[in-house]
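Visitor: Letter by letter, the chains look like this.
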Amino acid sequence: MSALPAALPVASRPGFFRRRQRSYRLLTLPALLVVAAVIVFPWLFTMYMSAFDWKIGSVAHFVGLGNYTGLVTNQRFLEAIAHTFYFTALAVVFPLLLGTLAALIFHRNFRGRGVLRAIFTMPMMATPVAVALVWTMMFHPQQGVLNYLLSLVGLPPSLWVYSPTLVIPSLVLVEIWHWTPLVMLIVLGGLAALPTEPYESARLDGATEWQLFRHITLPLIAPFIVVAAVIRTIDAVKAFDTIYVISQGGPGTASETINLYLYLQAFAFYNVGNASAVVVVFFGIILALALLLLHVRQRTKWAA
Amino acid sequence: MASVASASSTTALSPRRRTTGRTRARRWLRRVGFGFAVAVIVSPAILVFLWMLSLSLKNEIDNLAYPPVFIPAPPTLANYTQVFAENAMGRYFLNSVIVSGCATLLALAVGVPAGYGIARLQAARTLILILIARMTPALSFLIPLFTVFQFLGLNNTLTALVITHLVITVPIVVYVMAGYFETLPRELEEAALIDGGSVWTTFRYVALPLARPGIVVGTILAFIFSWNNFVFGAVLAGRATRTLPAAVYNVLTFEQLAWGPLAAAAIIVTLPVLLLTVFIQKEIVVGLTAGGVKA
Numbered sequence: 002m003s004a005l006p007a008a009l010p011v012a013s014r015p016g017f018f019r020r021r022q023r024s025y026r027l028l029t030l031p032a033l034l035v036v037a038a039v040i041v042f043p044w045l046f047t048m049y050m051s052a053f054d055w056k057i058g059s060v061a062h063f064v065g066l067g068n069y070t071g072l073v074t075n076q077r078f079l080e081a082i083a084h085t086f087y088f089t090a091l092a093v094v095f096p097l098l099l100g101t102l103a104a105l106i107f108h109r110n111f112r113g114r115g116v117l118r119a120i121f122t123m124p125m126m127a128t129p130v131a132v133a134l135v136w137t138m139m140f141h142p143q144q145g146v147l148n149y150l151l152s153l154v155g156l157p158p159s160l161w162v163y164s165p166t167l168v169i170p171s172l173v174l175v176e177i178w179h180w181t182p183l184v185m186l187i188v189l190g191g192l193a194a195l196p197t198e199p200y201e202s203a204r205l206d207g208a209t210e211w212q213l214f215r216h217i218t219l220p221l222i223a224p225f226i227v228v229a230a231v232i233r234t235i236d237a238v239k240a241f242d243t244i245y246v247i248s249q250g251g252p253g254t255a256s257e258t259i260n261l262y263l264y265l266q267a268f269a270f271y272n273v274g275n276a277s278a279v280v281v282v283f284f285g286i287i288l289a290l291a292l293l294l295l296h297v298r299q300r301t302k303w304a305a
Numbered sequence: 003m004a005s006v007a008s009a010s011s012t013t014a015l016s017p018r019r020r021t022t023g024r025t026r027a028r029r030w031l032r033r034v035g036f037g038f039a040v041a042v043i044v045s046p047a048i049l050v051f052l053w054m055l056s057l058s059l060k061n062e063i064d065n066l067a068y069p070p071v072f073i074p075a076p077p078t079l080a081n082y083t084q085v086f087a088e089n090a091m092g093r094y095f096l097n098s099v100i101v102s103g104c105a106t107l108l109a110l111a112v113g114v115p116a117g118y119g120i121a122r123l124q125a126a127r128t129l130i131l132i133l134i135a136r137m138t139p140a141l142s143f144l145i146p147l148f149t150v151f152q153f154l155g156l157n158n159t160l161t162a163l164v165i166t167h168l169v170i171t172v173p174i175v176v177y178v179m180a181g182y183f184e185t186l187p188r189e190l191e192e193a194a195l196i197d198g199g200s201v202w203t204t205f206r207y208v209a210l211p212l213a214r215p216g217i218v219v220g221t222i223l224a225f226i227f228s229w230n231n232f233v234f235g236a237v238l239a240g241r242a243t244r245t246l247p248a249a250v251y252n253v254l255t256f257e258q259l260a261w262g263p264l265a266a267a268a269i270i271v272t273l274p275v276l277l278l279t280v281f282i283q284k285e286i287v288v289g290l291t292a293g294g295v296k297a
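These protein sequence lines are chains A and H, in that order.
Just so we're aligned, residue 2 is where the first sequence starts under my numbering, counting upward by one.
Just so we're aligned, residue 3 is where the second sequence starts under my numbering, counting upward by one.
In short, the hints are calculated from the structure, not lab data.
For every residue, glycine included, the Cβ atom is placed at its ideal position computed from N, Cα and C.
Careful: at least some of the hints might be erroneous.
Covered, in the sense of this in silico footprint (three residues per stretch, anywhere, with C-beta under 8 Å from a C-beta of chain A), are these stretches of chain H [stated by the list, open to error]: (1) 43-52; (2) 58-72; (3) 116-122; (4) 144-158; (5) 169-181; (6) 199-208; (7) 229-236.
So that you can see chain H by itself, here it is in the shape it has in the complex (with noise of 0.2 Å):
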């Protein structure tokens, strides 16, 4: 009995009765406990970045020491500047926004229609289509494109790249709209097309005004996506049109194979997708379990 009335206080909204010393020591050893348990599940996730961002600011003496140098004393940024310097790292990471921001942009211009449609057509089997698509490795669209691409003598060009990475952009917009619209009311549409609107007038002055959060969600994801892709841009790209992982891992861990370096560059790539993250947090969730629970 006394461990159901423990256990329900910890959960429960507010326990304001009275308690005994007993009680009081049990549940704080609870708390204790599952303070721990917090700590073990959060601590891999932050330490690996935080590792990160410590070979990134010491010089390779320490990188290599053993036992390892955690603190950097004194940090130095050397190693940024020499990843700029010695790299067309400024070069690789325009390549990378032009690529996600345009394959992004083009997928939202024709993701965004094509979801409304497919939510208002209740045309669920073309969102099997888009998980079968979702479920092919993306090798497999490679090998054709690669091919095509050498015929028409695109390969190298940042234009086979967004090409390429609309196969990335593309089914995460039409999915996360189609599940988007489908939770807006339609009385409203209903009454737009009552009184003579067009569906195209409906959509564009009813529906998508009331979309914005679920675009900022798909935009998002879909640039994350594409930014996070690494074989596109190894396979397709030239030595001037690499994207920032293609870049980072062809060109860093060939050349130069120091710790320091590799370990900025790294943090240069991933920087920006954890500050768009950390800045949407809950529409990220919200659009990742949604269309997981759809899925």
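Excised from the complex, chain A in its bound form (with noise of 0.2 Å):
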């Protein structure tokens, strides 16, 4: 999909900085050195060690796809898909809802404008792990913060995290709170880069509203909610510190994601092997997603 668009430029412009390629490549080359060193290698080591039974400490023995067909029949571990999945649609699906509803907002000017874009930004930079921890706190069925609003509003007291029907729905919640914001940017930019002209038309013509914004705004914001989409999918699908601060995969293995019981096996019971297979197949998964959703972005492209 990328051979088409690089080719171009550089045939309109004959040969000038091509004739040069072999000098830009020298200057690409120490960061290639490093990506091979801490990021190829790895990948490569992970497809080796993921066909050998091997425990840290003892021999590894060649099993050959052994590990994989194990994971094949491992409950645990498909049930750590479906977590996965339940997770990420969680995920994805409400901080773009509010993202794209916060962009609508703040792309209207109004006093104070500013700084309260800064407030709204902040929970994105925040440390992870600083703000799971309050969470955990916040979540507290007896002394924390959420159950007492949830009194106020004459609601029965939750057991949030605590609870294996509640836990992931609670998880996402801390999630739609930290990366909204980020959904909220990329459409914001999207809204920024809008044209002036069909609005004033459609207005003359006596559009409202609600028909300016499903018939203008929406088709030429798609292409950036899709772009939010997609990292906000491969975010989800990463998730780790949140989940591990505040639930460690429990209660039991109810919010166990691939993440998680990849962790667990790797760093708990050095495990290499098997986790070395999980990886893989996670990998396969985030990258099958993200070409999902790129192919979608594709489409929306030629829509609009």
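Dock the two chains into a complex; use the hints.
Guide: Structure, rendered in structure tokens:
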């Protein structure tokens, strides 16, 4: 998908920068070496290790695809995949809706907009572990402030992350709080680039605000929303810090996502071979999701 | 019709014509509704931070009181002094500064020239490699690196942490810089090359000085993401080499369950990052949206 746009501009500037290609390549060499050492090598090593039954400190046995076939029937791993998809679906949809709404609000001119936008984007940059600790205290069923807030509006107290059925929605709440600002910023970028002419002529034709939004704004910002969806999906599938700090995958294994299962296999049981197989499958899932969304993006581009 | 007129007047630039009492009332209502929407959407962000601050400034009795005590009366700094007195907080803070600082500087050294090369080569495929690197879960880098560091005897050292944090910082810097260099006009560089300058001197004396805003954004983003990283420190660091987030989780939660000191520690971890963002608000927005649109 990249070959075409990449080739065009060079061709339109016959050979000027291309003649010096070797020098430009040289500039990228140090970074490529670093990437090879800390990114590509780990990938290859992971694939290699995934073919062994290997615990750290013991001798590795070659098992071929044994680790993978083991995963297919591994109930706990399959449940982790289900938890991951559940978590991801919620942690993508809600920030997208709220973030788009927030972007529409912040796109308007009002007093104090700069300061309020700065405040609104604070969660996005805050250290996840620090934030997760505070949410852990807020979720506390007895002394937590959230149950107090529920009681103020007449709702019964909740068990939050201590309930097997509520733990994932509760964790998603943290995720929404944390990452809605990023969606807002991306969509806001789209809104800032909107042309004014279609609005003027539509207004002259007597279109309502909702019609303007539905038929002009939404199609034009759709590509930005899809970009936000791609980024959000990648981040949500990979979510680790908040889940690990707040629930450790519990109660039981109720909130154990692939990433948490992976962590336990690798660094609690030192089951490196099995964990490596999990990594390969996990990466395959992320790649598939990203490609799917990029495909959607391509289509929205044509539509727009 | 009336609704269209009032709707456009809230968004239009200068509705300076005379209005009747009814449209004025309607407009006032709209403003109140809009203000309410702003409040609803902004308040969760600020309230969590205020609650964090409140917890850190109260004694343990007030922190565990029900209904909760919201305003610390009187506020106490005891939690902060306790965190510093009972833990090597200064040491952990320094570890974080060293690890994130070194990883960011190294990333700049290799990433800025690389971003320039990629931008001028129009090598979009290289960026896809970097995007894939961003997609890969951090834990999957950790398992092989952990094994190798074990073999080299580097586990529990700051060196191992700096190397691992390059996984975070290098892709961000390359990504931001490639995007930034692409926005720079090429005419100056072309002139320099025609005048017999080499690619290196053109980069060094023409493109690099122009790229300062991009470098600032790349530096700050790389530093923040590295600073916020938890899992590398949690797995690779020893007792003395923990970074702040790992230390706050490992040391504080297991050795003392009190809420006040925990909240104080959480603030110490996240405050530097929040200050950085407040000072460069606009640039962060530009940097992140630029990266997002290109992704």
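Visitor: Does each hint fit the structure? Answer for all of them.
Guide: Against the structure, the hints come out as follows:
no.	hint	verdict
1	43-52	holds (count 7)
2	58-72	holds (count 6)
3	116-122	holds (count 5)
4	144-158	holds (count 8)
5	169-181	holds (count 4)
6	199-208	holds (count 4)
7	229-236	holds (count 4)
Of the numbered hints stated above, none is contradicted by the structure.
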